[in-house]
Amino acid sequence: MDEPRRSDPREGPAGLRRLLEDDPADLYENAPCGYFSALPDGQLVKANRTFCEWTGRPLGELIGTRFQALLSVGGRVFYETHLAPLLRMQGMVREVALDVVRADGSMLPCLLNAVEVRDDRGAPLLVRATVFEATSRRRYERALLAAQRAAAESERRAHTLQQVVSELSAASSARDVAEVIVRRSREAVGASGAALWLAAERRANRRDEASVPPLELVASDGIPAGLLEAMEAAALGGAELVRDGGVHTVPRGAGLRAVWPGLADAMAEAEQEALVVVPVDADTRHLGALVLLLGVTGDSGLIDLTPPGNRGSLVQADADLLATVGRQAGQALERVRLFEETARAAERSAFLLDAARLMAAAGDVVETAERLAELAVPRLGDLCVIDLATEHGLTRPAARHGDPARRALVTELEERHLPQRGAPHPSAKAMQEGRTVWIREITDRWLAEVTADPRHLEVARTLDLVSMVCVPLVAGGRSLGVITLCSDRRRGPFTPADVEVAEQLALQVSQVVDKAQRLELETRTSHTLQGILLPPPPPPVPGLAAAVRYLPASRGADVGGDFYDVVPLSGGQVALAAGDVVGHDITAAAVMGQLRSVHRALLGDRPPPSAVIDRLQAVWPLLGLPRMATALFAVLDPATGGLRVASAGHLPPLLVTGGAAELLDVRPTRMLGAPPAPVPAVEWDGVLALGATLLLYTDGLVESRDADLDEGLAALIDAAVRAGTTDPDELCDRLLAELAGGVRADDVALLAITRRP
Amino acid sequence: MSVIARNRVRVSGVDDGRPMVFAHGFGCDQEMWRLVVPAFEPDHRVVLFDHVGSGRSDLSAYDPVKYNALDGYADDVVEICRELGLDDVVFVGHSVSAMMGVLAAARTPGLFGALVMVGPNPRYVDDGDYTGGFSREDIAALLESLDSNHLGWSAAMAPVIMGNPDRPELTAELTNSFCRTDPDIARQFARVTFLSDNRADLPGVRVPTLVLQCSDDAIAPEPVGRYVHAQVPGSVFTQLAATGHCPHLSAPEETVAAIRAFLE
Numbered sequence: 001m002d003e004p005r006r007s008d009p010r011e012g013p014a015g016l017r018r019l020l021e022d023d024p025a026d027l028y029e030n031a032p033c034g035y036f037s038a039l040p041d042g043q044l045v046k047a048n049r050t051f052c053e054w055t056g057r058p059l060g061e062l063i064g065t066r067f068q069a070l071l072s073v074g075g076r077v078f079y080e081t082h083l084a085p086l087l088r089m090q091g092m093v094r095e096v097a098l099d100v101v102r103a104d105g106s107m108l109p110c111l112l113n114a115v116e117v118r119d120d121r122g123a124p125l126l127v128r129a130t131v132f133e134a135t136s137r138r139r140y141e142r143a144l145l146a147a148q149r150a151a152a153e154s155e156r157r158a159h160t161l162q163q164v165v166s167e168l169s170a171a172s173s174a175r176d177v178a179e180v181i182v183r184r185s186r187e188a189v190g191a192s193g194a195a196l197w198l199a200a201e202r203r204a205n206r207r208d209e210a211s212v213p214p215l216e217l218v219a220s221d222g223i224p225a226g227l228l229e230a231m232e233a234a235a236l237g238g239a240e241l242v243r244d245g246g247v248h249t250v251p252r253g254a255g256l257r258a259v260w261p262g263l264a265d266a267m268a269e270a271e272q273e274a275l276v277v278v279p280v281d282a283d284t285r286h287l288g289a290l291v292l293l294l295g296v297t298g299d300s301g302l303i304d305l306t307p308p309g310n311r312g313s314l315v316q317a318d319a320d321l322l323a324t325v326g327r328q329a330g331q332a333l334e335r336v337r338l339f340e341e342t343a344r345a346a347e348r349s350a351f352l353l354d355a356a357r358l359m360a361a362a363g364d365v366v367e368t369a370e371r372l373a374e375l376a377v378p379r380l381g382d383l384c385v386i387d388l389a390t391e392h393g394l395t396r397p398a399a400r401h402g403d404p405a406r407r408a409l410v411t412e413l414e415e416r417h418l419p420q421r422g423a424p425h426p427s428a429k430a431m432q433e434g435r436t437v438w439i440r441e442i443t444d445r446w447l448a449e450v451t452a453d454p455r456h457l458e459v460a461r462t463l464d465l466v467s468m469v470c471v472p473l474v475a476g477g478r479s480l481g482v483i484t485l486c487s488d489r490r491r492g493p494f495t496p497a498d499v500e501v502a503e504q505l506a507l508q509v510s511q512v513v514d515k516a517q518r519l520e521l522e523t524r525t526s527h528t529l530q531g532i533l534l535p536p537p538p539p540p541v542p543g544l545a546a547a548v549r550y551l552p553a554s555r556g557a558d559v560g561g562d563f564y565d566v567v568p569l570s571g572g573q574v575a576l577a578a579g580d581v582v583g584h585d586i587t588a589a590a591v592m593g594q595l596r597s598v599h600r601a602l603l604g605d606r607p608p609p610s611a612v613i614d615r616l617q618a619v620w621p622l623l624g625l626p627r628m629a630t631a632l633f634a635v636l637d638p639a640t641g642g643l644r645v646a647s648a649g650h651l652p653p654l655l656v657t658g659g660a661a662e663l664l665d666v667r668p669t670r671m672l673g674a675p676p677a678p679v680p681a682v683e684w685d686g687v688l689a690l691g692a693t694l695l696l697y698t699d700g701l702v703e704s705r706d707a708d709l710d711e712g713l714a715a716l717i718d719a720a721v722r723a724g725t726t727d728p729d730e731l732c733d734r735l736l737a738e739l740a741g742g743v744r745a746d747d748v749a750l751l752a753i754t755r756r757p
Numbered sequence: 001m002s003v004i005a006r007n008r009v010r011v012s013g014v015d016d017g018r019p020m021v022f023a024h025g026f027g028c029d030q031e032m033w034r035l036v037v038p039a040f041e042p043d044h045r046v047v048l049f050d051h052v053g054s055g056r057s058d059l060s061a062y063d064p065v066k067y068n069a070l071d072g073y074a075d076d077v078v079e080i081c082r083e084l085g086l087d088d089v090v091f092v093g094h095s096v097s098a099m100m101g102v103l104a105a106a107r108t109p110g111l112f113g114a115l116v117m118v119g120p121n122p123r124y125v126d127d128g129d130y131t132g133g134f135s136r137e138d139i140a141a142l143l144e145s146l147d148s149n150h151l152g153w154s155a156a157m158a159p160v161i162m163g164n165p166d167r168p169e170l171t172a173e174l175t176n177s178f179c180r181t182d183p184d185i186a187r188q189f190a191r192v193t194f195l196s197d198n199r200a201d202l203p204g205v206r207v208p209t210l211v212l213q214c215s216d217d218a219i220a221p222e223p224v225g226r227y228v229h230a231q232v233p234g235s236v237f238t239q240l241a242a243t244g245h246c247p248h249l250s251a252p253e254e255t256v257a258a259i260r261a262f263l264e
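Those sequence lines, one after another, are chains L and B.
Going by my numbering, the first sequence opens with residue 1, and the numbers climb by one from there.
Going by my numbering, the second sequence opens with residue 1, and the numbers climb by one from there.
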């Protein structure tokens with residue numbers, strides 16, 4: 001099949017034929033692209049009319065001009081660093097985008113293709129280039145680029161926010177939060193520096209607080225010290241700036257200078273042009289402010305091209321970002337504070353519980369104070385000093401520092417510097433006025449005022465203390481002493497919560513000290529009284545060897561009513577007695593004293609032991625003795641060994657003879673002072689052989705909390721046999737060593753009599 | 001990673017010759033030296049390398065923090081010399097690399113025996129009485145044009161870097177291959193190049209130094225070369241007839257002759 005014959009397109013109107021046959025020179029001159037030739041160094045030697053028209057430059061002006069001289073500054077640099085080297089190295093370049101400057105100064109965006117024409121040896125002769133206008137393409141590219149940049153910026157902000165949120169979730173303290181916020185916000189807007197101030201925590205219901213809480217610098221980054229100081233000085237007044245919750249840019253202008261000239265100067269010095277104040281809020285509460293500085297950053301060693309005066313502004317999107325970051329910070333701070341508060345409350349409770357346990361276990365006031373100081377340091381403070389008011393004046397039973405290296409200084413404080421009444425030291429003031437004295441910030445000047453002498457001042461300075469709280473110990477309106485707690489620089493100043501714990505601790509201590517002081521007084525009185533009431537060592541009696549022992553109960557506050565007595569009677573006989581008044585207190589001791597006196601008074605006509613009991617029972621109501629008592633009375637004839645014993649509810653005496661021991665079967669009758677019973681006292685009647693020992697004792701020797709009386713008596717017999725001695729002193733010592741032990745719940749009285757040939 | 005691979009280090013010439021380390025400037029890569037290197041290979045140990053981020057260096061080694069100052073590049077130069085066990089090195093630095101040589105020599109006294117600065121410029125931005133060749137606005141416009149990519153500094157080359165085996169016709173067209181660079185890296189390298197100020201480092205140079213000055217160099221004009229010569233103690237100043245910024249490409253014979261004359 002034949003192909004359909006196509007007509008030659010060149011066979012058209014005569015005009016077309018003429019045009020097509022035109023000489024190439026016309027094509028060159030009027031081509032739809034610029035065309036030029038240049039020497040290897042860029043000098044133009046030929047250019048077509050299109051190029052001349054596009055650039056608005058006549059051919060005469062172009063010839064001899066270097067092509068790179070027609071380019072924008074970016075184009076010139078590109079020509080030298082890229083285009084010319086590429087032409088040399090690879091002989092051609094394609095689609096290079098350049099801006100040619102027209103005669104009127106406007107730009108002709110174009111695309112350039114070029115080849116290098118070389119001679120036989122490869123040396124460059126000429127560069128031939130075509131130039132295509134690319135205005136629309138460039139406009140499109142720019143729009144694309146602007147959109148791309150906006151997207152990138154938006155993504156960067158979103159990323160910043162994401163980072164902030166994720167880092168804040170890991171923050172566990174206000175300082176952590178502050179550091180994240182300061183660093184990230186500074187990066188996000190390219191600020192030269194940033195700092196975060198927070199309102200100091202306020203103690204509820206404190207009347208002496210100012211209405212605006214003090215601001216504390218929590219974190220800062222990239223701000224020179226002098227400028228930071230100026231910002232600190234202005235921070236309190238600047239609090240107004242966060243009131244409306246918006247982000248404020250404050251330029252370093254006349255307005256700023258009028259209010260804070262010092263800050264304006266410091267900013268000028270550091271080449272900073274504006275402050276950006278971002279409120280840190282949680283819901284509607286203002287927690288503080290993030291402050292950023294805009295100006296010369298000094299971050300890299302590179303030259304900053306931004307003209308001075310143009311650095312102090314923030315685009316709206318960045319301001320919005322900062323506002324969001326501020327809100328995130330506020331929420332994180334609330335969370336962290338809640339967490340810290342909970343942790344602190346738990347710690348406080350644990351501390352007070354430990355203190356209560358410790359005080360319950362302590363023996364006396366001094367020990368209580370010592371243990372308490374040990375507990376308070378380091379859990380509550382770095383230094384704890386406890387002063388107590390005693391009958392001898394103010395004493396310092398405890399002073400403790402958490403740092404072993406500083407203990408020696410504290411020992412010196414302890415020994416030398418007791419606060420005097422009326423002295424300016426806050427501990428004296430606290431005692432005098434009966435209220436807590438809290439020194440939030442210790443300054444050197446203040447130290448100089450309150451210390452007693454230069455050495456005192458020196459020691460106080462070395463301790464590097466930053467805050468102090470003195471809490472008086474008061475019970476029933478009586479001033480008992482004062483607890484002084486200090487924190488040093490490493491811990492930082494005390495918070496209101498710390499002071500509350502110190503006060504609660506002082507309350508506990510006051511009660512314990514009060515009780516302990518009363519008990520100690522009573523104990524001392526009781527023991528003194530008991531010491532006076534107990535008989536002197538038994539007198540020597542021919543034919544007998546006697547030993548007595550009295551051991552008070554080991555609990556310091558207790559005093560017993562135990563007693564013993566050895567009374568020589570006319571006619572050579574000896575009356576013996578041992579007894580125990582019910583109770584462990586001063587009354588028991590007093591009853592014991594009276595009972596012993598009455599007993600001696602009754603011995604005038606040498607009554608038998610049973611008669612002694614009957615008479616005592618008879619006079620008991622007359623004596624008005626408030627306590628009952630058990631007692632054992634005996635009469636021994638040293639010459640014959642005749643022994644008569646009667647018991648008023650008392651434990652039987654022990655007879656130790658030649659390697660054996662037995663309890664005498666003395667039938668006890670009712671206790672002294674017990675309601676009358678029909679049975680009169682009965683006597684045991686026997687003989688104490690030569691070399692035998694009679695032991696009278698009180699129940700403290702055989703009774704214990706964890707064993708019954710029978711076991712105690714069996715142990716006594718066993719111990720007496722094992723003692724294997726006829727010496728009464730040795731017997732007493734052995735029995736006490738074995739049976740009384742270190743911790744006694746009750747008094748022990750012992751009376752041992754051995755009949756000697 | 002080995003320094004050799006990171007910087008695509010190439011060693012040629014004679015093993016016992018005096019070492020010459022050639023450092024390319026902002027723009028292309030070590031190929032820039034190909035017309036002068038043959039002249040030194042017979043009697044020198046010639047070391048060529050690409051700065052990290054340029055040519056066929058290992059782009060994964062590019063650290064925006066390290067390379068945000070010329071010091072990062074100077075550290076690499078020192079590492080390369082140490083890795084090869086060089087001493088008495090003749091460091092030939094083009095353009096911005098001349099300043100890297102100054103920094104590298106300052107931190108390793110004794111390692112370098114001579115500095116050859118080809119078209120050096122310690123600070124491109126004019127500053128008071130100092131003429132760097134560019135106003136603040138010029139540099140801002142230059143960096144802006146680089147940022148907006150429309151000069152084809154790098155955008156047109158991106159496909160080559162990414163590789164495009166499915167469209168060989170595209171790869172074939174994009175032949176500006178000696179100057180290929182990742183656009184982000186090119187942008188930062190330009191910032192570091194045009195925003196550095198190394199004037200204060202010049203008086204500390206303690207090795208024999210040659211300043212090679214081209215005619216009509218738009219990037220390092222003659223007053224800048226004269227300034228460098230005046231600041232570097234005992235330096236030699238050689239004015240070349242060659243025009244432009246790359247005499248090692250446009251006038252290799254003249255360049256070689258000037259360097260040889262200085263070294264001998």
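Errors might be hidden in some of the hints.
To be verified - One side of the interface only, derived from the structure: several residues of chain L facing chain B at Cβ under 7 Å:
(1) G74
(2) R76
(3) A84
(4) G190
To be verified - Some, not all, of what chain B presents toward chain L, calculated at C-beta under 7 Å:
(5) A5
(6) E31
(7) M32
(8) L195
(9) D197
(10) P233
(11) F237
(12) L240
(13) T243
(14) C246
(15) P252
(16) R260
(17) F262
(18) E264
These aren't lab readings, by the way, just hints derived from the structure by calculation.
All of these numbers come straight from a predicted model, not from anything done at the bench.
Even glycine gets a Cβ: it sits at the ideal position worked out from N, Cα and C.
query: Should the hint that G190(L) touches chain B count as held when the rule is a Cβ pair under 7 Å?
result: 14 Å, violated
- request: Report holds or violated for the interface hint on F262(B), using the least CB-CB distance to chain L and a cut-off of 7 Å.
  value: 23 Å, violated
- prompt: Quick one, is the A5(B) hint okay against chain L at 7 Å, beta carbons?
  reply: Cβ of A5(B) sits 23 Å from chain L, so the hint is violated.
query: With a cut-off of 7 Å, does the beta carbon of L240(B) approach a beta carbon of chain L closely enough for the hint to hold?
result: 12 Å, violated
- prompt: Does the interface hint hold: is T243(B) within less than 7 Å of chain L, judged Cβ to Cβ?
  reply: 5 Å, holds
field: Hinted contact R76(L) with chain B - closest CB pair below 7 Å
entry: At 5 Å from the nearest chain B Cβ, R76(L) passes the 7 Å test, so the hint holds.
message: L195(B) was flagged as interface toward chain L. Is the shortest Cβ-Cβ separation under 7 Å?
response: This interface hint holds because 4 Å falls under the 7 Å limit.
task: Using Cβ atoms only, decide whether C246(B) comes closer than 7 Å to chain L, and label the hint accordingly.
output: OK, holds: C246(B) within 7 Å of chain L, min 5 Å.
- prompt: Minimum Cβ distance from E264(B) to chain L below 7 Å?
  reply: Nearest chain L Cβ about 27 Å off; hint violated.
field: Given hint P252(B) near chain L, where the shortest CB pair must fall under 7 Å
entry: With a closest approach of 10 Å, the P252(B) hint is violated.
task: Grab the minimum C-beta distance from F237(B) to chain L and call the hint holds if it beats 7 Å, violated otherwise.
output: 21 Å, violated
Hint validity - P233(B) Cβ closer than 7 Å to any chain L Cβ: Nearest chain L Cβ about 23 Å off; hint violated.
Against the hints set out earlier in the document, violations occur for numbers 4, 5, 10, 11, 12, 15, 16, 17 and 18.
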